[in-house]
Amino acid sequence: MIIGIPREIKPGENRVAMTPGNIQVWKQKGVDFLVESGAGIAAGFMDDQYEAVGATVRNDRASIFAEADIIMQVQSFGANDVNGDDDLASIKAGQLIAGMMDPLGGPAISQKLAGTNATAVAMELVPRISRAQSMDVLSSMATLAGYKAVLLGASHSPLIVPMLMTAAGTLNPMRVLIMGAGVAGLQACATAKRLGGVVEAYDVRPAAREQIISVGAKPIELDLETDTSEDTGGYAKEQSEEFLARQQELLTQVLEEQDLVITTAAVPGAKSPILVTTAMVERMKPGAVIVDLAAERGGNCELTQLGETVVAHGVTILGPENLASTIATHASQMYGKNMEVLLGHLLDEDNNLKLDFEDEIIHETVIAHGGDVPHTRMRELVGLPALPEPETQEPESEEASGETS
Numbered sequence: 001m002i003i004g005i006p007r008e009i010k011p012g013e014n015r016v017a018m019t020p021g022n023i024q025v026w027k028q029k030g031v032d033f034l035v036e037s038g039a040g041i042a043a044g045f046m047d048d049q050y051e052a053v054g055a056t057v058r059n060d061r062a063s064i065f066a067e068a069d070i071i072m073q074v075q076s077f078g079a080n081d082v083n084g085d086d087d088l089a090s091i092k093a094g095q096l097i098a099g100m101m102d103p104l105g106g107p108a109i110s111q112k113l114a115g116t117n118a119t120a121v122a123m124e125l126v127p128r129i130s131r132a133q134s135m136d137v138l139s140s141m142a143t144l145a146g147y148k149a150v151l152l153g154a155s156h157s158p159l160i161v162p163m164l165m166t167a168a169g170t171l172n173p174m175r176v177l178i179m180g181a182g183v184a185g186l187q188a189c190a191t192a193k194r195l196g197g198v199v200e201a202y203d204v205r206p207a208a209r210e211q212i213i214s215v216g217a218k219p220i221e222l223d224l225e226t227d228t229s230e231d232t233g234g235y236a237k238e239q240s241e242e243f244l245a246r247q248q249e250l251l252t253q254v255l256e257e258q259d260l261v262i263t264t265a266a267v268p269g270a271k272s273p274i275l276v277t278t279a280m281v282e283r284m285k286p287g288a289v290i291v292d293l294a295a296e297r298g299g300n301c302e303l304t305q306l307g308e309t310v311v312a313h314g315v316t317i318l319g320p321e322n323l324a325s326t327i328a329t330h331a332s333q334m335y336g337k338n339m340e341v342l343l344g345h346l347l348d349e350d351n352n353l354k355l356d357f358e359d360e361i362i363h364e365t366v367i368a369h370g371g372d373v374p375h376t377r378m379r380e381l382v383g384l385p386a387l388p389e390p391e392t393q394e395p396e397s398e399e400a401s402g403e404t405s
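When the letters of the sequence shown are read in order and numbered with the working numbering, they come out as residues 1 to 405.
Mixed in with the good hints, there may be bad ones.
No more than 35 Å apart at the CA atoms, straight line, and that leaves these computed lysine-lysine pairs for DSBU-like [claimed, not checked]: (1) Lys354 x Lys27; (2) Lys193 x Lys218; (3) Lys92 x Lys218; (4) Lys29 x Lys337; (5) Lys337 x Lys92; (6) Lys10 x Lys112; (7) Lys27 x Lys112; (8) Lys10 x Lys271; (9) Lys337 x Lys27; (10) Lys29 x Lys354; (11) Lys337 x Lys193; (12) Lys285 x Lys112; (13) Lys10 x Lys29; (14) Lys218 x Lys337; (15) Lys218 x Lys271; (16) Lys92 x Lys10; (17) Lys193 x Lys271; (18) Lys112 x Lys354; (19) Lys112 x Lys92; (20) Lys354 x Lys337; (21) Lys10 x Lys27; (22) Lys337 x Lys10; (23) Lys10 x Lys354; (24) Lys112 x Lys218; (25) Lys193 x Lys92.
Computed beta-carbon distance windows for the label pairs [to be verified]: (26) Glu221 x Ser63: 53 to 63 Å; (27) Arg209 x Pro286: 26 to 36 Å; (28) Pro286 x Leu355: 50 to 60 Å; (29) Val82 x Leu355: 28 to 38 Å; (30) Arg209 x Ala168: 34 to 44 Å; (31) Asp350 x Val254: 56 to 66 Å; (32) Ile213 x His363: 52 to 62 Å; (33) Arg209 x His363: 50 to 60 Å; (34) Ile129 x Ile2: 26 to 36 Å.
Derived by calculation from the structure, the hints in this document are not laboratory data. Note that beta-carbon positions come from the ideal geometry of N, C-alpha and C, so glycine has one too.
Generate the whole structure from the sequences, applying the supplied hints.
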């Protein structure tokens, strides 16, 4: 079994799919690795570190795709909308590609990869079940993004975060509001609290209340009907225009008191909901800062520009892109661990590729296999007919089987 780790080619991507430490675990089990030269440098992992754990480092990217049985990437086909198709011609039939592919945002990638006769594993689709937590790349990267968002917002604020009592007077603590209490939002709450801020958080899901309290923040409760706001995977559902309008109206008064607002609300496969309108920004304090973690999906703030810093009505609005990549060393360690664990579901005891589609993890993440799209939701999104249900054999009756009681 040969696993290839190519260098990430999307501009601004500093992470690497597996670190030397992750590779060492599987190298000891007899798996061989081909690593493209320079793949880990931006994340702080040198070529000689990969060689020290037994990986082969090469300059020839094409040869890695040609020889590897499995290719592991961070921003893989679909997630890399800049130059991601550059490697498409290098994929060979029967090869397995694993990485982030943005399948819900761009479902056509499933058909494109199916056309290569390769198998594609989209890491964003790892199910939210307990035994898959160690493979959940969305949670891993969101944790880091939530942490970094607080630091980013604080660095653009004219205030310090904690209360300070000095001979020159007392400085009040920064008031921080986190909108969306998923993984990123809860980490942002915890980080802002540790820095000494007065932290409040809002989430449309009723179940988030206890989670907000658990990280030291105060939950904001609005007079809204939220019984159907959460799907079976624990993600927020897309809401109606009437719901969003009422939500914005109630949140305006809350925003007027805040110094730093971090928005994290996202709906898988859909445009991010607008939580902060231009009119709401106009009511905020001069000098306030908004960090929009949903910028890559259109943003939660009406004025957000992806990758830009906008100053409007005295408020600074940041639309960061790929925040996890700015903490590349730790992000690569976490992502690499996710991939290290994934290999345990892809390989058998003899390190041969095995795909058990009865396993929920495999069933939910494989979006292309054997020249087809086996994933039910992907088929719906690209307009393919549903696959026939597998035939089930009826158990033989006692009479037919000749058994007697």
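Do the hints match the structure? See the list:
1. Lys354 x Lys27: holds (18 Å)
2. Lys193 x Lys218: holds (10 Å)
3. Lys92 x Lys218: violated (53 Å)
4. Lys29 x Lys337: Roughly 16 Å separates the two Cα atoms, so the pair holds.
5. Lys337 x Lys92: holds (26 Å)
6. Lys10 x Lys112: With Cα atoms ~19 Å apart, Lys10 and Lys112 stay inside 35 Å; holds.
7. Lys27 x Lys112: Distance ~32 Å between Lys27 and Lys112 Cα, so the pair holds.
8. Lys10 x Lys271: holds (22 Å)
9. Lys337 x Lys27: Given pair Lys337, Lys27 holds - Cα atoms ~14 Å apart, limit 35 Å.
10. Lys29 x Lys354: holds (16 Å)
11. Lys337 x Lys193: holds (28 Å)
12. Lys285 x Lys112: Not satisfied, since the Cα-Cα distance of roughly 48 Å exceeds 35 Å.
13. Lys10 x Lys29: The given pair, whose Cα atoms are some 31 Å apart, holds under the 35 Å limit.
14. Lys218 x Lys337: The given pair, whose Cα atoms are some 33 Å apart, holds under the 35 Å limit.
15. Lys218 x Lys271: holds (28 Å)
16. Lys92 x Lys10: holds (21 Å)
17. Lys193 x Lys271: holds (29 Å)
18. Lys112 x Lys354: holds (23 Å)
19. Lys112 x Lys92: Roughly 13 Å between the alpha carbons, so the hint for Lys112 and Lys92 holds.
20. Lys354 x Lys337: holds (20 Å)
21. Lys10 x Lys27: Roughly 28 Å between the alpha carbons, so the hint for Lys10 and Lys27 holds.
22. Lys337 x Lys10: holds (21 Å)
23. Lys10 x Lys354: Roughly 30 Å separates the two Cα atoms, so the pair holds.
24. Lys112 x Lys218: violated (46 Å)
25. Lys193 x Lys92: violated (50 Å)
26. Glu221 x Ser63: 53 to 63 Å: holds (58 Å)
27. Arg209 x Pro286: 26 to 36 Å: Distance hint for Arg209, Pro286 holds at roughly 32 Å.
28. Pro286 x Leu355: 50 to 60 Å: For Pro286 and Leu355 the Cβ distance comes to about 57 Å; the hint holds.
29. Val82 x Leu355: 28 to 38 Å: holds (30 Å)
30. Arg209 x Ala168: 34 to 44 Å: holds (39 Å)
31. Asp350 x Val254: 56 to 66 Å: Roughly 58 Å apart at Cβ, these two residues keep to the hinted range, so it holds.
32. Ile213 x His363: 52 to 62 Å: Hint violated: Cβ distance 35 Å, outside 52 to 62 Å.
33. Arg209 x His363: 50 to 60 Å: violated (32 Å)
34. Ile129 x Ile2: 26 to 36 Å: holds (30 Å)
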